[in-house]
Each structure stands twice: as structure tokens, then as C-alpha cells.
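So the sequences go chain by chain: A and B. With this note's numbering, the residue at position 323 of the first sequence is 323, and numbering never jumps. Each number in this note's numbering corresponds to the 1-based position in the second sequence with 1000 added.
Everything labelled a hint here was simulated from the structure, so no lab data went into it. Take the hints with a grain of salt, since some may be wrong.
Here chain B is said to cover these stretches of chain A; the calculated rule only asks that three of the stretch's residues, wherever they fall, bring their Cβ under 8 Å from a Cβ of chain B [claimed, not checked]:
1. 19 to 29
2. 121 to 135
3. 139 to 148
4. 276 to 290
Simulated restraints on C-beta separations [said to hold, decoys possible]:
5. E1188/B - D142/A: 52 to 58 Å
6. Q155/A - E1262/B: 18 to 24 Å
7. E1188/B - A83/A: 30 to 36 Å
8. S1053/B - E196/A: 26 to 32 Å
9. D1056/B - D142/A: 54 to 60 Å
10. T1096/B - R300/A: 52 to 58 Å
11. E240/A - N1263/B: 47 to 53 Å
12. K79/A - E1188/B: 40 to 46 Å
13. K246/A - F1235/B: 56 to 62 Å
14. E1188/B - D244/A: 20 to 26 Å
15. P223/A - T1320/B: 43 to 49 Å
16. E302/A - N1263/B: 54 to 60 Å
17. P26/A - A1098/B: 43 to 49 Å
Even glycine gets a Cβ: it sits at the ideal position worked out from N, Cα and C.
There are 2 protein chains.
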Amino acid sequence: MEKMKIAIYGYGNLGRGVEYAVRQNPDTELFGIFTRRAPETVKPALEGSKVFSASDITRYKDQIDVLVICGGSATDLPKMTPALAADFNVIDSFDTHADIPKHFAAVDEAAKKGGKVAVISVGWDPGMFSLNRLYANAILPDGKDYTFWGKGVSQGHSDAIRRIEGVLDARQYTIPVQAALDSVRKGENPDLTTREKHTRLCYVVAEEGADLARIENEIKTMPKYFSDYDTTVNFISQEELDRDHKGIPHGGFVIRTGRTGENNGSNHVIEYSLKLDSNPEFTASVLVAYARAAYRMFLRSEAGCKTVFDIAPVDLSVKTREQVIAEML
Amino acid sequence: MEKMKIAIYGYGNLGRGVEYAVRQNPDTELFGIFTRRAPETVKPALEGSKVFSASDITRYKDQIDVLVICGGSATDLPKMTPALAADFNVIDSFDTHADIPKHFAAVDEAAKKGGKVAVISVGWDPGMFSLNRLYANAILPDGKDYTFWGKGVSQGHSDAIRRIEGVLDARQYTIPVQAALDSVRKGENPDLTTREKHTRLCYVVAEEGADLARIENEIKTMPKYFSDYDTTVNFISQEELDRDHKGIPHGGFVIRTGRTGENNGSNHVIEYSLKLDSNPEFTASVLVAYARAAYRMFLRSEAGCKTVFDIAPVDLSVKTREQVIAEML
């Protein structure tokens, strides 16, 4: 069997995750890493991974089966994915929920022009969480949805703390409130405020002599990021932060409760949860599974922008249809 | 919007569940119930539901969009589904895992002959659990699968107890072992024996004067059903059984743990769980969602036997593709 050739476009934590994930899948191989930095300055995680300049990518358009675009949603992906989708089958993890329809339209136009398949917003939220929302809603039309995130590191909140004067480094964990989770699982259908769903836990390294009370107050009162939450601030040393908080764990829960039957008397709880040691490595693993599906759809001459909702589960599996029916159904 | 006309073939707990589920979905309406009994002896759960004789069904083949076949997997479905799949779009909940490939082949031939869509083995296991096994395996190739069932009523085990001399009635609950679940969730990758995964809890109504010790021993030593499990037997009165154990709850857990990254150093846990007050009503709700998908596929001129693996999630939703992308992704 000829292996599917996957290339990585953008090389940070997510790109490294894709590099590892490609190694785990027997039907994929890494064509190479494309970087906007000088290629010779980039050291791949795995021996043998080739590094190319991003500006040369169209030269390789006939040699790459799927391009996994590992850029940020704020500024990179809205430009990169539409620009690359006419020449390559592409996957991205665009996660600005409100802007997905706009991104979809731009990518769809490019992909259809080039006869390629693009899959956007792949990962776990959006991605696996979205899928579970859709399945659970289709099964239980009369019900209520809940999504909880964490325990996990929020990069955006960590960055927001780092911008405060006197802060050298910070790590912020989002934590679901256990009592809220318990109530949802019991089918109590609670209406939960922002504060009732999640708490925020911050580890902060401050400059020597900094006013810790001021920093703590600035964090806790920061609009949007912290003011609507119960927030705990712990000041620790850089050594402690590096030693105890270097991982990028995350996860969460998608729960739908709903009622059926006579007088809606039967209650049901559908729950999907993830507990991830590495957010970027898990996201990368989802991206590679959808790269497989994208390539299969391309081989069947389907073109245009797709989401996880459009892709039949069988296309994600390394196994044949006969195998999954016999072994997994 | 014209509503999709759904008919129920076979009217027991599952059929009643479909009748209720159709009422919950705004784009479906019940054409009627087909029964092998005398139609006038069947009282539908909902006012206005029409009852027809199963032997007349082909008369209505142009008026029914999807037929939900609510028969047993042991003897009914292997005959019914292939027999009906040439004339109707059909859904069944065939759940004898080992015989699925054979059932698939028979149904596929009939459905292709008639240009119809058949979806087999729909429900939660097989069904939603199968989907979650496939998704989790595609994402984490290097990992381990676990399925736990319960707490829930096993009809087969309850029936087996009822066949023992001196037993008037019985209800058997399958219960997952909490310590095993905890170990799996921690990523310890335990190898679990049958006994370590589930216990069995039995409520038994015995004839007056029956030898309770003998009955208990016959249950606990029954091969396949109980001998490999830690089994608890409680003798209760018929009144207690009817009062406390009339529901048909079920549920369970599909968990995959897997590793990624440098030296496989990151552990991930994907968990899907169901807690169902009514096993047949929930299964029926899944059947109706897949009836929607079957009919959409039929309208697109796709024909043949399908499974949950073949169906793009978007086809299950009452909402349009644009809506689910905007609202659920």
C-alpha cells in the first residue's frame, strides 16, 4: 500500500504533534515540514523529518497528498487556509467559533476552484465536541446541552496575565465546577451562570519587589478573562512554574440530557469527555485522522470545504469498511 | 416542509419508543404501526396512531418513507429486514455482533435490488458505542479499548433466571465494577477478566415453598450467563418486583486510552457514556434519527445497506448544514 504523504505547514507545538501522529499511523508518512522561519534554524522532533521554506510550497504541490496547516486562528488561518486550499488538500483547526461560517465560505471557494478537499475546524472543540453535540441533539430533540472545559491550560488567559506589569510568567488553568457537573449528570437541567460552571486557577511568577496585591487584583478584575469567575492566584517561582506546570493538559465534557416517552417520563444522559495530557498532541492526532478522510474524499473526486459533520466515520479509520463492520460495530 | 412518513413494523417496547420519538421530531410523522397480531387487539400508546396488519404492508409501499423494523435479533430481524429492504427504506437494531457481516450481506443485496437504503444495527450498542469505538481508534492508534455496560437490566439474563424451576419472575442488573472503571480512567491500561469488569445483581420472585438455596445455586453456577461473574441473588415478592423494578434502565461506558508524543509520554482518555432511564425508548430515538438520514440518502439516490459508520453526522440533524456549522461546530 502506498502511504499517504502528509506535509506540515507551520511548526510549533501543534506541528510537532502532527509529526508524532504521522509516525503512529501506518498508512501515512511525513513529506516534510514547511516553515516561515529559515529552514536551517528549525530542528524537527524526529530524525529524518525534512524542513522546507514555506515560500517554496507550491513547488511540491504534486508530491503532497494532504497539507496540515498548523497556524493560529486569530491571524494565520483566515489567510493561509484559503490561500493553500486551491493547490492542496488541506486540514486546519480554525477555532474562532463565531467566524467559522466566514472562514468556511472563503475556503470552500478556493477548494472548489482547485478541485481539492479542505476540512476546517478539526480538533476537539471545535471537532470531537461539536460531533458529540450534533449526535446527542439528533437523538434527544427534547433536551439541554452543556459543555465544560478543563481541567486544562488556557493559553489565552495565561498570555493575558503575562501582559500585566510586574508579571514575568504565568500559567492559567480552567477548572469545571464539580457541583455543576454533578447536577447536570443527575438530569436536574440547571441554568448555570459563567461563575457556576468554571473556576480559574493562576500560577504567577512576579518580578522581585512587585506589588503582589495589585497584580492579584488586576487579574481578578480583568473583564472577560477573569471578572466573571471565581479566580485563585498563587505566586510561585520560575523554577516551580517550569517544574510543575510545563505540560499543556486539557479536556472537558459535553453532556446532553433529554427526556422521552410517556409524559416525557424517562430521563437520559449522554456524556462525552476528554482528559488530555497534551492538548496540541491530541489535536494533532485528530487532524491526521481527518487528513486520511480528506484524501479519500479527494480520490473520490469530492471537492470543497468540509467539516467534521460532513465526513462519514468510516473514512477516518485505517481499516477497511468490511473490517470496521466486522470488528467494531 | 413535507414531513417524512415513518412506519413501525413490530409493536413492543421498542415500537412504542419509536411512536414517542416520532412525535418529538418536527420533521417526521407516523404513518402507522404494522403488527403480526390482529390489528384490533393492539392499543397504540398515542391517540391517533393507526394500526395495520403486517401482512398488508406491501400495499403501502409508496406511502411510507422509512420503515423502522422493531423485531428481535435472534429470529425476527434476520428474516424481516432482508424481506422488507427491497420495497422500503428500512432501519433495524440488529445486535448479534458476530452475525452482523452475514446480516449486512443479505440486507445489502435486497436494498440494492430495490434501489432502497437500509441501515442496520442502529441503537447504542451496536450504534453509538460502535461510533465512539471507531472515532477513538482513529484518533489514538496506539491505545486500548474498554466497554462497560450498566447499570442496567439485561433481558436475556432475566429470562434465563425465569426458566429455572420454582422461579415466577426475575429481574437482572448488570453493574460495572467501579474499581475497574477507575483504573481504566487513570490510564493504567489494566487487563481485566470478565469477573473484574461487571457484577450481576438478581431480584427473584420464587414460588411459595420453593428451595431458595437451590435456585440461588442454579443461578450462580449457570454457564455463560452467571458462572464467570460475582452474582448476588435477592428474593423478593412479586409486589416488590413490580413496584421497584419495572423500569428498563441501561447504559454504559466506552473508553479508549492512548499515548502520543515523544517517547509516547502523553496519556489521553476518551470516554463516552450513557445513563438511560429507558433502554427501548433511547434505542428508538437513535433509530428515528437514522431514519432521517436513510431517507435523505435515498433522496440522493444512494442505495444498499449502510451502518452508522457510513453516515455523515449532518444527515442525522433536523437542522440544515448551514445551521449546524453556524450553531454547533
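Right, here's what the structure says about each hint:
1. 19 to 29: This one holds; 5 residues, not fewer than the three required, reach chain B with a Cβ under 8 Å.
2. 121 to 135: Coverage by chain B holds here, the residue count being 9 at a Cβ distance below 8 Å.
3. 139 to 148: holds (count 4)
4. 276 to 290: Answer holds; 9 residues pass the 8 Å Cβ test.
5. E1188/B - D142/A: 52 to 58 Å: violated (39 Å)
6. Q155/A - E1262/B: 18 to 24 Å: Since Q155/A and E1262/B have Cβ atoms about 20 Å apart, the given range 18 to 24 Å holds.
7. E1188/B - A83/A: 30 to 36 Å: violated (46 Å)
8. S1053/B - E196/A: 26 to 32 Å: violated (55 Å)
9. D1056/B - D142/A: 54 to 60 Å: violated (33 Å)
10. T1096/B - R300/A: 52 to 58 Å: Given a distance of about 32 Å, which is not inside 52 to 58 Å, the answer is violated.
11. E240/A - N1263/B: 47 to 53 Å: violated (24 Å)
12. K79/A - E1188/B: 40 to 46 Å: Because 45 Å falls inside the window, the suggested range holds.
13. K246/A - F1235/B: 56 to 62 Å: holds (58 Å)
14. E1188/B - D244/A: 20 to 26 Å: holds (23 Å)
15. P223/A - T1320/B: 43 to 49 Å: violated (36 Å)
16. E302/A - N1263/B: 54 to 60 Å: Once the Cβ atoms are compared, 38 Å apart, the range 54 to 60 Å for N1263/B and E302/A is violated.
17. P26/A - A1098/B: 43 to 49 Å: violated (27 Å)
Of the numbered hints stated above, those contradicted by the structure are hints 5, 7, 8, 9, 10, 11, 15, 16 and 17, listed in ascending order.
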